[in-house]
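Peer 1: So you can see what is in the structure, the chains are spelled out below.
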Amino acid sequence: MSTEPEAPAPTPADGPSSGPTRRTFIATTSAVGGVVIAGGAIGGGFLASDEADAAPAAPASRVSLTVNGTRHTVTVDNRTSLLDLLREHLDLTGAKKGCDAGACGACTVLVDGHRQNACLTLAVRLEGAKVTTIEGLADGERLHPLQQAFIDEDAFQCGYCTPGQIVSGVGCIKEGHTHSPEEIREWMSGNICRCGCYVKIVRAVEQAAGRK
Amino acid sequence: MSPQPQAAVGAPLSRVEGRLKVTGKAPYAAEHDIKGVVHAVIVDASIGRGRITSIDTDDALAQPGVLKVIHHGNAPKLPYKDNPASNNPPDGRRLRVFQDDKVLFHGQPVAVVVATTLEAAQHGASLVKVAYDAQKPSTDLAKAKADKPTKYARGDAAAALRSAPVRIDATYQVARNHHNAMEPHATIARWSGNKLTVWDKTQWVVGTQTELSTVFGVPADSVRVISPYVGGAFGSGLRCWPHTVVAALAARVTRRPVKLVLKRRQQYFNTGFRPSYEYRLKLGSNSQGRLTAMAHEMDAETSSYETFTESVLFPGQMLYSTPNVSQAYRTVPLDVNTPIYMRGPGFATASFVIESAMDELAAKLGIDPIELRLRNEPSEDESKNLPFSTRRLRECYTTGARAFGWDQRRAKPRSRREGDWLIGMGMAAGVYDTARMPAQARILLNADGTAVVDAAASDMGPGTYTSQTQVAADALGLTMRSVTFRLGDSLFPPTPPHGGSMTMASVGSAVLDGCNQVRRQAIKLAVEDRESPLYGVEAEDVVVRGGRLHTKNNPVRGETYKSLLSRNKRSHLEAKGSYAGPAAKERHSFYAYNATFAEVAVDATLGLVRVRRMLGVYDAGRIISPKLAESQAIGGITGGIGTALLEHTVTDHRDGRIVNANLADYLVPVNADVLDIQAIYLDGEDREADPLGVKGLGEVVHVGVAPAIANAVFNATGRRVRQLPITAEALL
Amino acid sequence: MYPFEYTRVSDTKDALTAGRRGGRYIAGGTTLVDLMRETVERPETVVDISGLPLDEVTATERGGLRIGALVTMSAAAAHPKVRTLFPVVSQSLELSASAQLRNMATIGGNIMQRTRCTYFRDVTAACNKREPGSGCAAREGYNRSHAILGTSDACVATHPSDVAVAFAALEAEVHVLGADGQRRIPFADFLLRPGSTPNREQALRKGELITAVEIPALPRPLASGYLKVRDRQSYEFALTSAAVALHIRGGVIREAKVAAGGVGTVPWKLPAVEQHLVGERPSASLWAAAAAKAADGARPLAHNRFKTDLLKRTVERKLRIVGGTK
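Chains as they are written, first to last, in our numbering: chain H, 1 to 212; chain Z, 213 to 944; chain F, 945 to 1270.
Since the hints were derived computationally from the structure, they do not count as laboratory data. Note that this is a predicted model, so its numbers are computed, not measured. Hints may contain errors.
[Unchecked claim] Keeping only pairs whose Cα atoms sit at most 25 angstroms apart, straight-line, the calculated PhoX-like set for lysine-lysine is:
(1) Z:LYS247 to Z:LYS407
(2) Z:LYS237 to H:LYS130
(3) F:LYS1213 to F:LYS1237
(4) Z:LYS764 to Z:LYS774
(5) Z:LYS314 to Z:LYS348
(6) H:LYS174 to F:LYS1025
Hey, can you work out the whole structure from these sequences and the hints?
Peer 2: Pasting the structure below:
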């Protein structure tokens, strides 16, 4: 083993490169719009030729959905949630798993423009859906105004709930539930922040909603 | 004090890793992309105590994708050598996963299913059939037998209480709390031969490294622990828990990298918790409110296999001037998993009791609660007979009273009403000790004028990345942008646990030391280099700013690191910074303090409590990163609102099952619960504490919140609630 | 989660066929997926009905409202007709769950919600609802959130829905479609008290599909509202709640519709309270006297004794707010 660390901690200046190794499955989806070929059941996994082949594969279905503007046609285990599809198969770990039960909001994504809990959304049901995750908010290098507002207001600490908060905040602003701090607090209550940044989250949403 | 200009330290900067976090690109433990990783899901014991009589894994193994089910019947025997260099309680024997058939608590890991997909692993885990010989567990603090007490005494508290003209005698109960950080505990483990790499959620990569090395009997340098981002922890990551061992074990057995993410439910019994207490406090005072005696008796949960203790005794010994103090702290072994430190450990619990009792005394005597505290302000630490390094609690009270409008408080309870709401104000003092431990850091100044600073530290949210960069930038005379601080890797120089508010003091002092060395090396190089404009200048007269060395008095005379290093053909300068920790025999007593204020509204008929405003005023020494420190305080208070009004881990004592092990039933504050929170840090520093002059702030901001709220509830309603959390049934 | 087959249907006929074969309908999925993950629910086939044309809110001829089964909670709450005609429905919806969950969950699914009883959700605990005959761990266990009304020896679990309390108060009807055609089930008959068969929760026949909930016309003006009492300010199920609708004309209460939540094994209609109000003039003492009947028949358990009192106070408070007296 090399004595030099493999630079595990991303530097503040440049983020971690997203590894090319995440699930060989990814290689079978195209990042180009249009028709895409799926690489067999995720349920079977990339080790399907291995030990697992003795038993029949779990029921799986093919579904085409668009994530952050990229069309994916995938064959998913029917049990796979949108959250696990994103995190375990599409190399999009921005949406977080906090409770896996719709009780924390860390997994919030937009589905056809509406904020939803990805943990309670079965991926197989998303035929034709357009999904936006935290990774899809910035315009190239330019952050979404709410992302910038979160930095400016220091509306996060550990950062784990942050993607869900921001996506939820984008939904909240779009829904028009930002007329007062009280309204923002209520309509952002589906996103738990255990570090306790609510006061600043409200300020950030206000700022991005143009109230400040 | 550093001769260097302080440009970054003390400036309200945004988080250096902010962009990564708001774009979802900061990788947390389960998010590292490890080639060939398979998934593991733990099977939990469904009894509270007893023996496993059989495990049937056939159905699980028949599932497509399931690779292996590991349990005590087939797991390799592990060395589990002692690990004194850890946060494992010294008294006891740690849980040894899959090493025998014993079940010590409900939810204990009894098997793990490894599969190629998460879905298969989860389903497989639900199909493992475990049969037990169950016994009735003992989980009720009120009913179980306690250990022998740890005692403290000065003077004669019993006699002083007998003769005290005014007495308070009350018993308080504090519920068990779980940290419930948003990121679940998770581990990815990969073996290469006899070398183990784990990506783990931990507050101490070094601690996880030593634990895995002793459990598996491999040299410490064969274990590497990586943890660049921690999604909150609040103490739950201070120990390496059994599930991390399970992940490494599963990886070894299956010869594949294994990812194991605890389900939310599993956080409640695989990782520790703030123990429940029953705490009786007797106060004696004269008629002017001068305390003459305090007698503390407390029972606290621990597990049957380890004795967990925390710093619950200090506040009772040093917060107020009291000639006679007695304390008895008894742990009560229960059939539960072992507790662990949680935000403001020990101090937060003691402060709820002491500060509630002081409020009771103030009410009994008709003295303003702040005035009562001022009358009992000690001139030295009476438990150690040492002067306080700094103690500005009086200023916290006066500053807070002014800023909060304490003069608006009505002394008589239940005398302010707005419609259905009764309004009340309360306050409490908070204290937390200023812990420091030895730490090291490595500093590398590159020829291009950038620097990399490495330490095995963590950043679970307080802002280690940012604040250490601030310290390094100023000490090196670089801009923030030119300095990269890296943490969370056991290959980096060792640091103490990221807890107890000691990261800034300990790691920061090591970073400061190393950066000072490197800067001095550069200055020496310059003043001895005939070709340098600084040749011949006294080293002490040179400062560095923006990567350029120059004389203090003449900024024009100087040159950049870059030109200096390239001319001298130096690829870099480097140093190992270190901090030795506090002196073995300290000459001062070191604590951080606060005064916390709360205004609550209590629905007079429905019993609901709303915290309308809170203010914390802190004496925490020097504040390195004010913007982040403010967030810490607001967060600490928000957490305290949870402890005060919502949080309560509930056990069904019939079988030891935790019945609210999820975020819908274990209630933590949501956005709508938190209205107006302000934080004020008193300007200053503590020159005795550590080279940076900091006293730590992450813990103290949580201490005093619950009693301030409870005291405000009393002021609003006239009802004294001595049990946390304060819920509607206590106020109807 | 157990493996399952997944089918999507686009017309009700296909849905009914799939339902008759034992398929489990999924709409928002917020309850079903959650319970499947806990292995409480183990459907072999999941039938996705989200494509069915059941997502409209329509006014009925006489001034009532028909809310399609697939209207999401957020869409129903925001619908102008719902907001103006039945604020109690909007309020009960917006005080439920979170914005995200309300964007997913549907009206039909909401009233099909299963209990939050911790022992029901934990497959290693005894629960007659989940596993008939296994016993009820809640009765002698931790039961702070459990029911004080409508309980049986077999089950003490509450129905968790808020909007169902509003529907119960307003005497809504549930429209269901089955092999034998359409039928309407009065809300009071739709959700079943546990009795000795707590596993039977709704008066649905195998394969029947909820198509809508219809709120009947009520005389105008109608003042209505929903009060939810809980530990946390938001994102929590009710300790107690009250749905109130009052038709006051000429200073006299002509009609009163009142139901309570968080306290019953089903949304708890309060006819005694209603009867006490009708024909009377609003006053503080009237609200108190009427609300005093709200907990009639309550059988509290070890940890929820406070609910008896809290329920009365909740009802009294909401009567006062809706009735418009100080």
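Peer 1: Hint by hint, note whether the structure agrees.
Peer 2: Consistency of the hints with the structure:
For the hint linking Z:LYS247 to Z:LYS407, the alpha-carbon distance of about 17 angstroms falls within 25 angstroms, and the restraint holds. For the hint pairing Z:LYS237 with H:LYS130, the CA-to-CA distance comes to about 21 angstroms; that is within 25 angstroms, so the pair holds. For the given pair, F:LYS1213 sits about 12 angstroms from F:LYS1237 by alpha-carbon distance, which is consistent with the 25 angstroms threshold. Pair hint Z:LYS764 plus Z:LYS774 holds up; C-alpha atoms about 19 angstroms apart against a cutoff of 25 angstroms.
With a CA separation close to 14 angstroms, the supplied pair Z:LYS314 and Z:LYS348 stays within the 25 angstroms bound. Among the hinted pairs, H:LYS174 with F:LYS1025 is consistent with the structure: their alpha-carbon atoms are about 22 angstroms apart, no more than 25 angstroms.
Comparing the model with each numbered hint stated earlier shows that all of them hold.
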